[in-house]
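For the sequence shown, numbering that gives the first Met the number 0 assigns the number 0 to the initial residue and increments by one for each residue that follows.
I should point out that these hints are in silico values taken from the structure, not numbers from a laboratory.
In silico PhoX-like cross-links for lysine-lysine, where the CA-CA straight-line distance does not exceed 25 Å:
{"#": "1", "residue 1": "K104", "residue 2": "K35"}
{"#": "2", "residue 1": "K35", "residue 2": "K100"}
{"#": "3", "residue 1": "K100", "residue 2": "K111"}
{"#": "4", "residue 1": "K111", "residue 2": "K145"}
{"#": "5", "residue 1": "K35", "residue 2": "K106"}
{"#": "6", "residue 1": "K143", "residue 2": "K35"}
{"#": "7", "residue 1": "K35", "residue 2": "K145"}
{"#": "8", "residue 1": "K125", "residue 2": "K58"}
{"#": "9", "residue 1": "K143", "residue 2": "K104"}
{"#": "10", "residue 1": "K85", "residue 2": "K125"}
{"#": "11", "residue 1": "K120", "residue 2": "K104"}
{"#": "12", "residue 1": "K58", "residue 2": "K120"}
{"#": "13", "residue 1": "K120", "residue 2": "K35"}
{"#": "14", "residue 1": "K85", "residue 2": "K58"}
{"#": "15", "residue 1": "K125", "residue 2": "K35"}
{"#": "16", "residue 1": "K100", "residue 2": "K120"}
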Amino acid sequence: MNKKLTILFCTVVILGSCGTHVSRTHEKQRSPADIKISSLNLATNDLNLRFEYRSYIEKTFESINCDITFNAGPSSLNINQQFNIKLDAFSTEILTFANTKIAEKDKLLNLKHIDYSLRCKVTYDKGGEIVFEDSVLHLVPGSKFKYR
Numbered sequence: 000m001n002k003k004l005t006i007l008f009c010t011v012v013i014l015g016s017c018g019t020h021v022s023r024t025h026e027k028q029r030s031p032a033d034i035k036i037s038s039l040n041l042a043t044n045d046l047n048l049r050f051e052y053r054s055y056i057e058k059t060f061e062s063i064n065c066d067i068t069f070n071a072g073p074s075s076l077n078i079n080q081q082f083n084i085k086l087d088a089f090s091t092e093i094l095t096f097a098n099t100k101i102a103e104k105d106k107l108l109n110l111k112h113i114d115y116s117l118r119c120k121v122t123y124d125k126g127g128e129i130v131f132e133d134s135v136l137h138l139v140p141g142s143k144f145k146y147r
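Full structure from sequences and hints, please.
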């Protein structure tokens, strides 16, 4: 009886340890891009986006079209830009947009933090994707207009 229980126990342990391994290789290859606002200067209307490409497949970043809403209110911004950037596996790019036109910008002045919602359509030479991000920008200490 003990021999049968030992064999049964060993079989369950072996099958359980072998059958639960899940390969995440393909999941990592299909991770969506990540876009965040890295800095915002309300005095000069400059905006920097941090674009993280998270895939093993090399592509060319062709264009971006973003709608950004600040503090869930009337302050908003639309960015539409063409690029020709070669993306290697898991690359990061800082995209700079100078002299942007932020609607209702005066409602963002003198705030300690700014909530934002970002919706971007990214186009590659091999397709495209839509990326969403909700986050917060904080006022840089000692500054009146710079947020990150």
